[in-house]
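2 protein chains.
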Amino acid sequence: MDSDFGVPRELSDLQKLRANYQPELPPCLQGTTVRVELGDGTAAADPLGAHTISRSFPHTYGQPLAHFLRATAKVPDAQIITEHPVIRVGLVFCGRQSPGGHNVIWGLYNALKIHNPDNVLLGFLGGTDGLFAQKTLEITDDILSTYKNQGGYDLLGRTKDQIRSTEQVNAALNTCKALKLDGLVIIGGVTSNTDAAQLAETFAEAKCQTKVVGVPVTLNGDLKNQFVETNVGFDTICKVNSQLISNVCTDALSAEKYYYFIRLMGRKASHVALECTLQSHPNMVILAEEVAASKLTLFDITKQICDAVQARAEQDKYHGVILLPEGLIESIPEIYALLQEIHGLYREGVSGDNISSQLSPWASALFEFLPPFIKTQLLLRPESDNSAQLSQIETEKLLAHLVEAEMNKRLKAGTYKGKKFNAICHFFGYQARGSLPSKFDCDYAYVLGHISYHILAAGLNGYMATVTNLKNPLNKWRCGAAPITAMMTVKRFSHGPGASSIGKPAIHPATIDLKGKAYELLNKNALKFLMDDIYRNPGPLQFDGPGADTKAVTLSVEDQDYMGRIKKLQEYLEKVRSIVKPGCSQDVLKAALSSMASVTDVLTLMTSPGGSAPM
Amino acid sequence: MDSDFGVPRELSDLQKLRANYQPELPPCLQGTTVRVELGDGTAAADPLGAHTISRSFPHTYGQPLAHFLRATAKVPDAQIITEHPVIRVGLVFCGRQSPGGHNVIWGLYNALKIHNPDNVLLGFLGGTDGLFAQKTLEITDDILSTYKNQGGYDLLGRTKDQIRSTEQVNAALNTCKALKLDGLVIIGGVTSNTDAAQLAETFAEAKCQTKVVGVPVTLNGDLKNQFVETNVGFDTICKVNSQLISNVCTDALSAEKYYYFIRLMGRKASHVALECTLQSHPNMVILAEEVAASKLTLFDITKQICDAVQARAEQDKYHGVILLPEGLIESIPEIYALLQEIHGLYREGVSGDNISSQLSPWASALFEFLPPFIKTQLLLRPESDNSAQLSQIETEKLLAHLVEAEMNKRLKAGTYKGKKFNAICHFFGYQARGSLPSKFDCDYAYVLGHISYHILAAGLNGYMATVTNLKNPLNKWRCGAAPITAMMTVKRFSHGPGASSIGKPAIHPATIDLKGKAYELLNKNALKFLMDDIYRNPGPLQFDGPGADTKAVTLSVEDQDYMGRIKKLQEYLEKVRSIVKPGCSQDVLKAALSSMASVTDVLTLMTSPGGSAPM
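From first to last, the protein sequence lines are chains C and P. The first sequence runs contiguously to residue 615 in the UniProt record's numbering. The second sequence runs contiguously to residue 615 in the UniProt record's numbering.
Just so you know, not all the hints are guaranteed correct.
Same chains, same names: a pair is fine if it fits in one copy or spans any two.
[Stated by the list, open to error] Straight line, CA to CA, 25 Å or less: simulated SDA-like cross-link-like pairs of lysine to any residue:
hint	residue 1	residue 2
1	K375	Y336
2	K471	E24
3	K295	D161
4	K303	D532
5	K551	N475
6	K581	A597
7	K419	S391
8	K177	V86
9	K420	R347
10	K420	P382
Because the hints were derived from the structure by calculation, they are not lab data.
Taking the hints into account, I'd like the entire structure generated from these sequences.
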């Protein structure tokens with residue numbers, strides 16, 4: 001199965017050009033001296049979950065943030081690491097392939113060799129299966145040469161996306177011990193980084209020398225929190241899909257007779273749909289987060305679309321483009337309830353053929369109302385994480401079907417007087433995933449690879465490599481690392497009145513912030529998008545010239561840089577301390593005391609339970 | 001409906017860059033002097049149809065080929081046109097939108113204004129509907145500015161693709177008279193150019209001054225014959241789709257667990273599927289022409305794929321990418337027969353609900369065997385040209401379904417011992433059509449626009465603009481024009497023993513030449529493609545640097561340049577004539593006679609009925 005891994009690939013001319021592209025490093029990572037500044041200990045963002053998390057991760061919870069600094073930075077407490085004993089590092093692709101993944105390997109390899117030519121990087125072949133079975137490939141310059149800046153995960157491959165069961169965790173531990181690894185780098189999304197945190201804790205408990213590092217690589221873009229601004233792959237996926245969406249918009253505008261319903265990736269969150277909307281300005285997007293927040297039913301959504309179609313018809317427009325994420329179907333309350341019943345019956349051992357007859361009267365009524373193709377798809381067995389098989393459920397066809405039926409009804413009733421409604425459906429699922437990565441993803445992944453080395457050189461365990469201030473040019477990027485446990489939350493499930501249970505601590509997918517700036521931007525333009533056909537065509541992914549350096553709109557409008565602000569705060573505190581040294585005047589001391597008291601009061605109020613914490 | 005046409009568009013950075021791109025002209029079109037050389041009268045390639053065609057087109061059949069020459073070319077017979085009285089030209093988009101269409105307008109506009117600033121170009125709004133209703137937009141520099149080198153047909157729009165009924169033809173005639181047009185340029189594919197020829201004939205018969213010119217623009221690439229090497233749009237469509245196919249290949253190689261079945265455009269011919277295969281090297285392509293030639297049944301095709309899956313499994317490979325054109329379904333003999341029965345019942349007035357019960361026993365047995373989703377799709381009403389609704393029939397899902405069933409059967413029987421077969425299906429239909437056109441399509445369309453002017457300036461009617469020698473750099477392109485009637489053939493239909501009828505003369509879609517060089521290239525590599533995963537990723541469409549000037553593989557391997565050779569032959573004949581002038585020696589005359597006698601014999605033999613004509 002892995003016979004093909006690591007084999008040199010025949011590259012096209014464009015691929016060769018890209019293979020010769022050398023990403024730069026931010027100033028803080030240049031040179032061979034690592035300067036790391038450790039900040040205060042971190043806490044989980046969710047104070048209610050903090051206790052549970054700290055109990056589950058006694059060795060790795062509460063560790064400080066780490067900032068990597070340029071060699072010349074004047075920070076008194078920074079630790080300077082100049083000795084670089086030989087280390088051995090393993091790396092595994094874990095989770096769905098994302099453009100840019102290969103560059104994490106390259107960046108890490110490069111950092112390892114710069115700091116000590118005897119360092120060793122082993123790639124696990126076939127993803128987690130290779131990790132469990134100790135199947136490795138030693139990374140060399142030669143092996144990397146046809147994979148630099150290239151898409152896919154085909155240098156090492158991937159298999160299952162889990163390192164979770166006791167058996168799996170033990171197998172990983174044995175591998176790390178047997179191969180005498182100083183570090184294990186796990187490349188993946190929300191699930192894989194949760195697993196990485198668990199491994200780090202288990203390794204620490206077992207006094208295993210291997211430090212575990214996570215790298216945020218997922219095209220869904222849902223591993224987002226105060227430390228992580230975006231994920232490797234998201235930029236490329238959105239650019240490739242926006243190109244295709246714009247092509248469809250141009251097409252709609254040329255023939256003016258079809259509504260195109262396009263389903264995009266995005267299971268738990270609609271980041272791809274939102275970003276593509278902001279890049280290509282289709283007429284409408286239906287975000288799962290909006291539907292969930294407003295508890296919109298299938299009928300509400302259908303009505304919304306029909307009203308839009310009718311309003312456009314009144315302006316003599318019979319074409320349009322409507323986006324939706326694959327996760328939409330699970331966010332519609334009554335469909336979610338139906339899916340829960342179906343999955344519950346599966347768990348009870350009912351066979352697929354018998355499920356429809358055993359549904360509750362309510363669920364059965366809904367089920368019977370749905371068109372046959374969607375019935376078959378809803379009856380598919382759930383995935384291993386209990387979610388529906390979202391890539392197989394053609395929500396776009398369901399909506400097109402319902403809208404058509406409703407428009408025909410209105411036409412018959414005389415409340416709609418326009419032309420017949422025609423829809424064409426598309427699923428943009430897999431065709432972007434293997435794309436050549438954008439320049440941004442090439443750079444970001446390469447830098448994260450370097451940071452992974454610095455984390456290991458600093459002896460840190462259970463950290464994720466982070467880059468913040470990403471919306472600014474690369475030489476302004478801030479490099480750091482955050483304990484993965486600080487990104488975790490704990491979910492509470494209620495099972496009817498009174499009964500509730502607490503989930504395991506985990507990184508949960510970040511959904512779209514309906515109070516955030518990106519969503520606000522969408523809202524501000526929604527009516528223009530809907531009515532005015534101000535389609536925008538960013539064109540195919542370019543690597544040079546206009547557009548090549550464009551960043552995601554959602555990244556650019558959000559005002560994140562949490563890590564930068566944490567640093568800034570530290571500087572203020574340091575400054576106050578240095579001004580108000582023993583020996584300073586009484587006046588200065590009094591001013592400091594009174595100001596600090598007021599700051600402390602405000603913050604205490606904001607962070608007390610019931611306070612208006614803005615997070 | 002047409003309120004939006006001609007409106008300036010907001011362009012993205014990349015679009016702006018492209019809008020500033022100025023295609024060059026081949027030397028023969030530079031300057032303001034048109035030199036046109038008229039060759040011998042043309043004949044239809046199919047001698048059996050020639051009589052029917054000449055009878056249907058008494059005014060426009062048998063006209064000479066035209067070659068446009070550089071001002072300095074030393075050709076004694078060339079007509080030099082230096083006077084350019086004011087002319088008024090109309091232009092209409094007719095047929096499915098194809099990347100590059102806007103550049104035909106630009107090229108034509110540019111040529112008109114260079115030769116006489118008072119010339120007028122009117123675009124018909126909303127395609128043929130605008131032609132019939134005399135709705136026009138006068139093209140200006142200003143209007144063109146945001147449409148230069150841009151995709152879609154949204155400057156003018158398109159509607160129905162036909163100018164055929166007496167009513168439609170008369171409406172077009174009235175429009176041309178009312179607007180006092182000297183020329184009407186029709187941009188489209190096989191059908192539209194057939195209509196153009198009919199219009200030209202009707203106009204000539206009616207002594208209407210308007211000359212009709214056709215321009216070969218169709219993304220299917222099936223308007224191919226001895227005069228036309230490729231069509232505007234085909235290059236872009238194949239590049240965009242090849243990008244996506246390669247992405248899917250990379251994806252398959254990363255996870256190694258899925259077979260991807262991808263359906264591509266191509267109704268009557270599989271040119272897009274063949275070109276994409278040669279660009280991206282997927283494991284397999286099923287060409288409709290192969291299936292039709294070998295009369296492969298659904299079971300044969302299923303078995304072929306299953307055997308391939310099994311052979312790959314023996315090499316521990318459980319992934320793959322398989323391409324097919326949307327027209328495949330109609331080329332499978334028994335499905336074709338079933339579709340004919342269904343469409344026949346529709347013509348008899350049977351309603352869709354009752355059709356399945358009225359099928360013949362044989363057709364009914366096949367129909368019942370098929371999975372439900374495909375039954376519904378086969379039962380869709382045929383399109384206006386009597387073909388099935390190919391974009392709606394998910395042949396890729398049907399094949400994936402049948403292959404899965406067969407692999408499970410083999411697994412159960414123990415004849416297959418590999419892992420479970422998993423398929424994912426894609427239809428790459430509309431997402432490439434609105435793309436920014438490739439450099440090649442920008443150039444080709446722009447040059448064709450210029451040639452359209454030269455055809456009108458030379459007073460020719462019923463001609464198609466042609467460029468040959470396209471595989472060579474632009475400064476080697478040969479520009480000319482060929483009577484559309486010379487591209488026509490006549491189909492004979494047999495309706496049971498003895499009875500047969502003759503169709504109307506028309507340009508028919510050119511299918512893949514199974515003896516041609518492109519197909520030979522595929523065949524030579526088919527086994528390597530199938531087994532060795534030598535996927536090739538041309539990457540996203542680029543406008544600069546490597547890959548930007550790449551031409552279609554099928555264009556490059558074919559050794560076409562028919563127009564060039566016709567010219568060469570004329571030169572030889574001219575040379576013989578000039579050497580063997582009265583007064584030459586007896587020996588020279590004898591040598592000439594004997595050589596010419598032998599040439600004449602060979603050619604007579606080759607072109608006599610029953611002779612081995614290679615066409």
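Practice problem: Could you work out which earlier hints the structure fails to respect and list their numbers in ascending sequence? | Solution: 3
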